[in-house]
Amino acid sequence: MEHSHSGHRQRLRDRYEQSGAGAFADHELLELLLTYAIPRRDVNEIAHALLERFGSLEGVLSAELSALTSVPGIGESTAMFLRLQHDVQRRMTLRRFSGRDGRVRLNTPAASARFVNELLLAEPNETALLLCLNTQRTLISTRQIAMGTLDQAAVHPRLVAEQALLQHAHSVLLAHNHPSGSPLPSESDLAITERVRAALKSLDIALLDHLIVGRNAVYSCLAETVIVLHAEEFETIPPEVYREEYLSPIKKPLLAVVMEQYQE
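Heads up: take any position in the sequence shown, counting from 1, add 2, and you land on the working numbering.
Label-pair restraints from in silico Cβ distances: (1) Ser8 / His232: 46 to 52 Å; (2) His232 / Gly75: 40 to 46 Å; (3) Ser21 / Ser100: 31 to 37 Å; (4) Ser190 / Arg245: 16 to 22 Å; (5) Ser190 / Leu67: 25 to 31 Å; (6) Arg245 / Met94: 31 to 37 Å; (7) Glu30 / Glu235: 34 to 40 Å.
The set of hints was computed from the structure by calculation and includes no laboratory data.
Quick caveat, the model's predicted, so the values are computed rather than measured.
Every residue, glycine too, gets a C-beta built ideally from N, C-alpha and C.
Please construct the entire structure, taking both the sequences and the accompanying hints into account.
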C-alpha cells in the first residue's frame with residue numbers, strides 16, 4: 003500500500019513539473035502540498051476533508067491553527083505548514099507594495115484601497131485588519147483583529163486602541179472584507195466606524211478610514227464613496243451609482259443585445 007501511495011505522489015510531482023499548478027484542481031494541488039508535510043499516508047481523503055470543512059483552498063490556508071487541527075489527520079506540524087503558506091503569501095504582498103526603502107506608504111486613498119484589497123480579497127470569511135501608521139503614513143504593522151461574521155460585538159474599540167498605543171501609531175486604518183463581493187457598508191459597519199473613531203479620538207490617534215473590500219472595489223467610509231480598482235487605474239463613484247452599475251441584475255442578456263444589432 004505504501005508503494006502505491008509513493009507512486010501516486012511521484013505522478014503528482016511529475017505532472018506539476020511538466021504542467022504547473024494550472025493543470026491541477028484545488029483538491030489535487032492541496033494533496034500535493036500535503037505530501038510534503040505528511041510523508042507516509044494517503045493524503046487524498048485529508049485534502050477533500052479540508053476543502054469540505056473550509057470551503058476553498060483559500061479557506062484552508064487562512065484557517066486558524068486550532069481549526070485546522072480539528073480535521074482528522076491534521077496535526078500541529080501540518081497545520082503550521084499550511085498556515086505558513088498563507089503568511090508567506092501575505093509577506094510577498096507587503097513586499098510588492100514596498101518602496102526602495104522597503105517600507106509601505108499608504109498616503110493616498112487609492113494606495114490604501116489597493117493594499118487592503120490585495121490582503122483581503124481572497125479571504126473566504128469576513129476578516130478585520132488594523133493597520134497602524136506613523137506620521138508619514140508609513141505602515142508600522144498589520145494585525146488581524148477579528149474573523150467571522152463581523153458585528154459591533156466582534157470588533158472591540160478597546161483592542162484597537164490598545165494595539166495603536168502599543169505600536170506608537172499616529173493614525174490607523176481599519177479594513178475588512180465582504181466575501182459576498184459588494185463593498186457597500188451595513189449599518190453595523192458604519193456603527194463600528196464611529197465607535198472606533200470615538201475610542202481613538204480620546205487618545206489623539208486619527209482613524210484615517212474604514213475600508214470595506216468587495217470584488218475589486220473598496221468602500222471608503224470616510225469619503226462615503228466606492229473606489230473601483232482596474233488593472234492600472236481606479237475610479238471613484240458614489241455608492242448609489244455603484245449599486246446601479248455593478249449590483250443591479252442585467253436586464254437583457256448580452257447575446258440578445260448582439261443579435262439585435264444584426265437584425266437592424
